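Heads up: the protein sequence lines correspond to chains A, B and C, in order.
By the count of my numbering, the first sequence reaches residue 414 at its end, each step adding exactly one.
By the count of my numbering, the second sequence reaches residue 414 at its end, each step adding exactly one.
By the count of my numbering, the third sequence reaches residue 414 at its end, each step adding exactly one.
Certain hints may be false.
[As the list claims (entries may be wrong)] Derived lysine to aspartate or glutamate pairs resembling EDC-like cross-links, with alpha carbons at most 16 angstroms apart:
| # | chain 1 | residue 1 | chain 2 | residue 2 |
| --- | --- | --- | --- | --- |
| 1 | B | LYS122 | B | GLU108 |
| 2 | A | LYS240 | C | GLU284 |
| 3 | A | LYS412 | C | ASP398 |
| 4 | B | LYS240 | A | GLU284 |
| 5 | C | LYS412 | B | GLU108 |
| 6 | A | LYS282 | B | GLU108 |
| 7 | B | LYS412 | A | GLU284 |
| 8 | A | LYS412 | C | GLU399 |
No lab work stands behind these hints, which were simulated from the structure alone.
In this text the structure is predicted, and so the values were computed from the model without any measurement.
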Amino acid sequence: MEPIYLSSIIDMLGITNPITRDFPIASLTPLEQGGSEDISYIDQPKYFALLSSSQVGAVLVRERDYLAHKELFPPHIQALFVPNPHLAFAKLSQCFAISEFANPLEPTLYDPSKPTDSQSAHIHPSAQIMQGVHIGDGVHIGARTCIMPGVVLSDGVHIGDDCKIYPNVVIYRQSIIGDRVNIHAGSVIGSDGFGYAHTDSGEHCKIEHNGIVKIGDDVEIGASVTIDRAVFGVTMIKRGSKIDNLVQIGHNCIIGENSLLVSQVGLAGSTTTGRNVIMGGQAGTGGHIHIGDFVQIAGRGAVGKNLPPHTKWGGHPLMPLDEWMKFYVSLRRMLKKS
Amino acid sequence: MEPIYLSSIIDMLGITNPITRDFPIASLTPLEQGGSEDISYIDQPKYFALLSSSQVGAVLVRERDYLAHKELFPPHIQALFVPNPHLAFAKLSQCFAISEFANPLEPTLYDPSKPTDSQSAHIHPSAQIMQGVHIGDGVHIGARTCIMPGVVLSDGVHIGDDCKIYPNVVIYRQSIIGDRVNIHAGSVIGSDGFGYAHTDSGEHCKIEHNGIVKIGDDVEIGASVTIDRAVFGVTMIKRGSKIDNLVQIGHNCIIGENSLLVSQVGLAGSTTTGRNVIMGGQAGTGGHIHIGDFVQIAGRGAVGKNLPPHTKWGGHPLMPLDEWMKFYVSLRRMLKKS
Amino acid sequence: MEPIYLSSIIDMLGITNPITRDFPIASLTPLEQGGSEDISYIDQPKYFALLSSSQVGAVLVRERDYLAHKELFPPHIQALFVPNPHLAFAKLSQCFAISEFANPLEPTLYDPSKPTDSQSAHIHPSAQIMQGVHIGDGVHIGARTCIMPGVVLSDGVHIGDDCKIYPNVVIYRQSIIGDRVNIHAGSVIGSDGFGYAHTDSGEHCKIEHNGIVKIGDDVEIGASVTIDRAVFGVTMIKRGSKIDNLVQIGHNCIIGENSLLVSQVGLAGSTTTGRNVIMGGQAGTGGHIHIGDFVQIAGRGAVGKNLPPHTKWGGHPLMPLDEWMKFYVSLRRMLKKS
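In isolation and in its complexed conformation, chain A is listed as follows:
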């Protein structure tokens, strides 16, 4: 891909101040992760505090917000004035979108008698690739792994040893799957996260999700599960976790080791859990929440805030499980009395 220079995006993003240093943009990153050729954005005042330790080369920001926090900008970070930083970030993300298949018109159907050069190089001789499997460029498949018919592995997918990938699973580009992972039929790993910036007229501008999904060793994923990839970095399911059918894992979620997510659970974006968390069927969470180690959520529980380790919860709104078990009994009793 041709490098995209900062100077070339001024018009597209509507940057209103002159740039002080031009550079080829490496990527979009959060403030705390980027380097001198990366770009970030600030949409809310709370993020200005991160500037002092940030190494990014430039930040998209509203002019008035910049002026109010000017002293927090270190000399190595350029402020780029835009009317809507989130929208500018979304537009810029589209320049860095990665295709599922760099060469869509080349063969993807795996043919053991004549795999493409790319395919042959990375498939362990003991892997069992059944008929009807589509494999993109640079895919790695480990020892004794079985890939069943109808599976589609986009460019750069990496699958470890001793996995079973059941029929019609789709794994999006660059996803990383550990060893001894089972993924049941119809599940989708690595699809775009649900993230949009909004225009003044109420239209939604897609934020390209350029991160990936990473699945740890010994994870089992049920049928028709959806796990979105990260906007930056990774959505991660850590070692030993088990996910039931029809579960939704949003972009940038991190599920701790040995957790159990029962059927139809839904996790909104950027929610993280500790280890050995259990969520009952149809439970759900808001976004940007942390659930501590060994927390248990009863079926249908709706998590809207951070939860400390070793606690149990239920209901919507969420209450400590003990309270939830008695709450409606008490209400019914009170109603009868009144």
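Following the hints, put chains B and C in place on chain A, whose structure we already have.
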């Protein structure tokens, strides 16, 4: 298809009165939409009011209901007496069912070196049809659209320009997809609606859904979403709307422009929304409801009635969002006091 | 498969007492179903009462539980002492796991001009197998059944007459599908149940589900539905039931005749229903519950206990429908007064 004459369905439907004019039945329609060769049915008294402006040729109706509303029947509409109009309608719908593939034993696998006549006729030269795509008769694929492996497009599907149809998506017959539409892996567009008539003995008789799904421009649909086609007419997702993973859209729903439906939302049949509606994760609706422009439903909100524009709601049962935010706090306080 | 002798699993399971009779293990079964070459386990005291009528050859049990109930063991049942019977059972189940495809490297893609010997023997000449269908060993397909592109049928699947199996459906090994069954696109029948035993250190050991799924005549299954197979025996959907999109049916569930499960319903494992049960959208159940004949559950209803026939329910926690309809009205009135 051979025309089906009204006279030929008398026995099948158990019509108990003589017909006054025979005609080849064009289709089944709602009272307000049909013409002189269409048939409709009346199952509930409130629909008799629509007869005066209806142009249909005949109506399935209970004899006793007819006798009670005889004066409302214009001379051009025949009343056809049946014991259970909904059941008769269901049986008749089965005569008009349309196959996914008119020629199932002909090749459907797209082969760029020798597409079938039907396939080659409608695929833009700049479209990218990857390996392993199945295409029915009369499918149209627009410029620069990319169809990824494992996608199945039934007869008559129309896809616009610049779309991305991800692996293993299934689009049922005659669905219409606009320009710049993304549909993520495993989603199903145009499946049969969940509609049955019921016999006296408690069996369910399938109502064939002979409508279609229409997706507007700039719509994005997540992974493993299901959108059912209409019983008549269209299920529609209007321009600019974004639908997250594992969402269910029932038959005959209409989603207004630029709406956002977060993961695991479920809309029952015939529910419609205005523009820029937002429904949080796992929210749901009953059927035959209208949600006004710019309405916001919190996650898990359960919509059971029409909602006026520019309002915010949450909870189950649904309450104004402000009330819902305080409701449980107040209940818990009251319980502590008591 | 080589027979597995009881004597060969002593070390693997950590059995601490000497065995008294060796035998080739036929299978793992519940206490009440097995024969003299089957093995069962007891994890909870309530199951000791089943020993007197059981015919199994051996039972995995904690030594201290055995000593407390020694007199209940008939002479033909060996007690096998293990520290964690559920975990030992899980490990043993893995020895009896059945592959989806016994011969994954043989062709599975159905080619009408040269089906494999196994395929040709069991496909009715009037069945329509479209292009792009994968068929395992010993699959049976009945008269006039249509199998659409992208469908994967694992070894031993049996499909009756006049079925429509829509694109990209996956049916796991040995599932039995009746006559006149429709299964819509993307659904998964017979995937592994969500069952694990737990180690002391909080890891989860997979219980292989060696049962099957059985679907009765005249059943319709929507799009992206998941139905797990049984741990032993069958998960069953009985004749005439209709299941909407995105429904989850757990392992060992039994759905009675002519039931209706609306979209996004979730049933936990081993829940059973009588006939003509109706569950509204997004309703759910706990596990090991029985719902009586003709019960109706309102949308989003959460069933946590057995329900008697001919009753109506709603809410979470579940209440009689009448009470649920008034409950929140009363609460709001009470709050206004206070």
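Quick rundown of the hints versus the structure:
1. B:LYS122 x B:GLU108: Holds, at about 13 angstroms.
2. A:LYS240 x C:GLU284: holds, 14 angstroms
3. A:LYS412 x C:ASP398: Judged against 16 angstroms, a Cα distance of about 15 angstroms means the pair holds.
4. B:LYS240 x A:GLU284: holds, 14 angstroms
5. C:LYS412 x B:GLU108: violated, 45 angstroms
6. A:LYS282 x B:GLU108: violated, 40 angstroms
7. B:LYS412 x A:GLU284: Between LYS412 (chain B) and GLU284 (chain A) the Cα gap is close to 49 angstroms, so the pair fails against 16 angstroms, i.e. violated.
8. A:LYS412 x C:GLU399: holds, 11 angstroms
Hint compliance for this structure: hints 5, 6 and 7 are broken, all remaining hints hold.
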